[in-house]
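J.: In case you want the letters, here they are:
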Amino acid sequence: MSSIYFIALPLLFGFAVPILSRFGKNSVAYSSAIMQLALLYLAYSMISMPNSVVEVIAINPPLGISLVANKVSVAFVLLFTLLMSLFSIYYLDIRRTKPYKDENKFFILINMLLASAIGLVLSSDIFNIYVFFEIAGISAYILSAYEGSAKAYEAGIKYLITGMIASIFLVFAIALIYIHLGSLNLAVLSERFMTLPSEMKLLISMLLFIGFGFKVEIFPLNFWVTDVYEGSSTLVNGLFSSIVVKAYLFVFFHIFYLFIPSGEYGSFLVMVGAITMIVAETVALKQTNLKRIFAYSSLGQIGFIFSTLTLESSSAVTAAIFIVIAHSIAKLAIFLTITIIEHSSGSVDISTLRHIKSPFVVTIFIVAMVSLLGLPPLLGFTGKFLSLKSFAVSAEFLPLTIIIIASVIESVYYFKLVGLLLDRESERKPLPTSLIQKSILSLLILILVVVGVAPWIISPYIDQASHMMLDNSLYISTLLGAGK
Amino acid sequence: MIGIVILGSFIAIIIVAFASIVEKRLADSIVLSMGVGLGSVVLFFIFQAPDVALTEAVIGAGISSVIFLMALKHLKASR
Amino acid sequence: MNLKRDVAVQTYSGLGLSALLAITILNIMLHNMPQSVKRAGEKLLEINSQDGVANAVTTVVVYFRGFDTLGEIAVLFIASLGIGLVLSSHSEHHHKVESSFILKTASKLLFPIIILFGIYVMVYGHLSPGGGFQGGVIVASAFLLLLISHQDFELSHSVISAFETLAGVSYVIIGLMGLWILDNFLGNFIPHDISQMGMLVSGGIIPLIYIIVGIKVGSEMSMIVQNLLKRSDNE
Amino acid sequence: MLTYLGYLFIVLGMVAFIISAIGLLRMPDIYSRMHVGAKSPTMGTILVISGAICLEPTWALKLLLLGAFILLTNPLSSSVIARASHKAGVPHVNPKDIDELRDYKEESQ
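Same order as they appear, the protein sequences are chains A, B, C and D.
Heads up: the first sequence runs through residues 29 to 512, numbered per my numbering.
Heads up: the second sequence runs through residues 91 to 169, numbered per my numbering.
Heads up: the third sequence runs through residues 140 to 374, numbered per my numbering.
Heads up: the fourth sequence runs through residues 444 to 552, numbered per my numbering.
Worth flagging that the hints you see were computed from the coordinates, not collected in a lab.
It is possible that part of the hints are untrue.
Result set (PhoX-like, lysine-lysine): computed pairs, CA atoms no more than 25 Å apart in a straight line [as the list claims (entries may be wrong)]:
1) K466(A) / K126(A)
2) K114(B) / K505(D)
3) K505(D) / K247(C)
Treat the numbers as computed from the prediction; the structure is a model and nothing was measured.
The following block holds chain A by itself, in its conformation from the complex:
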């Protein structure tokens, strides 16, 4: 099987929606879910392949564009397709009561988002990465303005402007790279990047850092994030936080490891991540809006992942992949539960947590939060433990201290939320949940618990993946050796 289907099928679906919608009211929704399940199956079947597979498009690399499916990129693709298909099935249930207006367009947008997230992860050509960057960006702007309220438009415009500034920086960097190095292929660039004069190298690195930094949501460049999360709908927030940001994170570090293997800017980036984390967690303490709280908590977690990945050791990358998986699953579960709460009470203020009476929802919420916090025996613990260990091994004690303080602050507001959920004094109303909602949420939580208790189910695979992510010579030889 070929990895091109991950991108071609969602695009094909997106283009074909006007025809599909002729076949009845539900046909688009069901075919979207079926296609995503097919992609999930494809990703699952690719996970057992022994070697990297290079999919050549039109002409051979280094001139043409190609997609590289190795252990680490397939792991991310599997994560994205899994979360997206669960999201689609969940939405199939929601749309019976509260559908979006113009639903067909919503399906086009989420599939374009999926295609571009996968494209960012698989592509091995820096201009192609920019094209997917744009597709993901534009579909995200429209998704955040989708509800059509004043707040949603504000979110959309903010996202649009910051996204456009990010694109300018990125395309500038790519132009400079092409002028100076004469190629766009990541493998060739990886060989040539260190030969640049040092000012040019610094300039290009800065441009890339700013361009991706807006999208990766790193400290000085993430002022827009919470407003966007607050304005856009809760379901969409789940997608942003669990899929889009993770794709940007992956591609940022993919390029970082390939271009600067010596870890030149590592000590700068590790502090950037730690500062992102502590600022986000401190600001989150004062918030009273659930969406904003979890947006800030996302920022904090991303800062944590960011600074872990900059350590550039294989144990740190393993830890980071564990945190990415745990965070994506837990955040999706949390945003899906907030959707239930929002639909029944019409508000996302934290005081609504006092008035819900549903042991199921309360359990989901608490388990997901505990996993985010990194307490045993859940999946979040594995990642956090490994990450702190690799910080200690690399003797990065200042960031380690900052991260531990930030985690303590994080636990304060999480336990505040838990306290509200378990408050005995307040009046409570039952919260209706349907069977599909229950099963999707329990599946997500089940993954957190099972893999958390027995991390050795996936840890050999992730170990191999993290070695592969750091092994530049292997990447270069597979990519340049490809050709039919």
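Following the hints, complete the assembly by docking chains B, C and D onto the known chain A.
T.: Just chains B, C and D now, kept in the frame of chain A:
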């Protein structure tokens, strides 16, 4: 001879671009930015990139300014 | 949460940063221009000379980097969709202004000529400068002329979306056929002989894809223009 | 011989363009500016195109089509601009000028 044309287009582009930033009325500024497109069409053509010149003429100087003008009209109508 | 202020601040900071960067780059470029790296462009031209398409730029845009073009088509598709979505919340009441007899007659005369020129640019994209993007926009501008001059003229939404769908789907299908036949996405599976270079039927799938791109771009741009024009007329 | 004829046409066309440019600067109001802005560039373009036909007779068909297109569009666009400015109420420099469009509108009301 061709050097004068190139230099003239460069200077014209810079002047028109600056004028379109300084201009207070948005409609005028959009029309001025069309001038930037036309100047770059000349440059692209001289530097032997007829494909890019055609694209710039059609998209940069033509339809994108029209879209800007229509968006401006939309803004005025909603005010 | 002050939108007006935030947008201004972000725009100005972006402009300032860009200016700073431009100065830095000019400085660096003036002092050490890159030495002669063997450029990818030259190698691409070498390969193109075996491929039988007279306009090398077309080969690069549609074939060597055809995957990027597919992505750009998707960007345009989503942008058009977004404009339709954002403007759909307004009412459909049109404010009509009768245009003069001269304008009506002349635009009727000009319309077929412009359409013909657009199609020419699209179809000859692999032989002469131009191609799908340019031709599509020219076609859209012909519709724009008609929409401005005839107030009661309206493009049928279903016809345009049929064209759009047809073009988009057939682009991906052609790519996948390359995968099934040659084991190479967007592979050139239609026979293309070097002796036919410069003829109208040459280059295999390349002219075919450029025509598809033209149809797609033309329908998207016409839709964008119509949405903006019709919806901005209500007062 | 044909070459010299071609150059002559092109120079004449340039003279027409220069006259139009001077007129645009010197004329007092928009209506008279439209007058110089429409007529002499049309003539200038036609002259330049006929000069080009004399220089390169093989391109004659394409150049003739180009000339026909300019003959169609140039008067049209200036007519539309003049009409639009009349509608928007741009004043004449001399209010006693003949204004047939205004008279026609007043009659029809």
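J.: Given the hint that K466(A) pairs with K126(A), does the C-alpha gap stay at or below 25 Å?
T.: Holds. K466(A) to K126(A) sits at ~17 Å (cutoff 25 Å).
J.: Run the distance test for K114(B) versus K505(D): straight-line Cα separation, threshold 25 Å.
T.: 42 Å, violated
J.: Check whether the Cα positions of K505(D) and K247(C) lie no farther apart than 25 Å.
T.: Holds, because 22 Å separates the two Cα atoms, which is no more than 25 Å.
Comparing the model with each earlier hint shows a violation of hint 2 alone; every other hint is respected.
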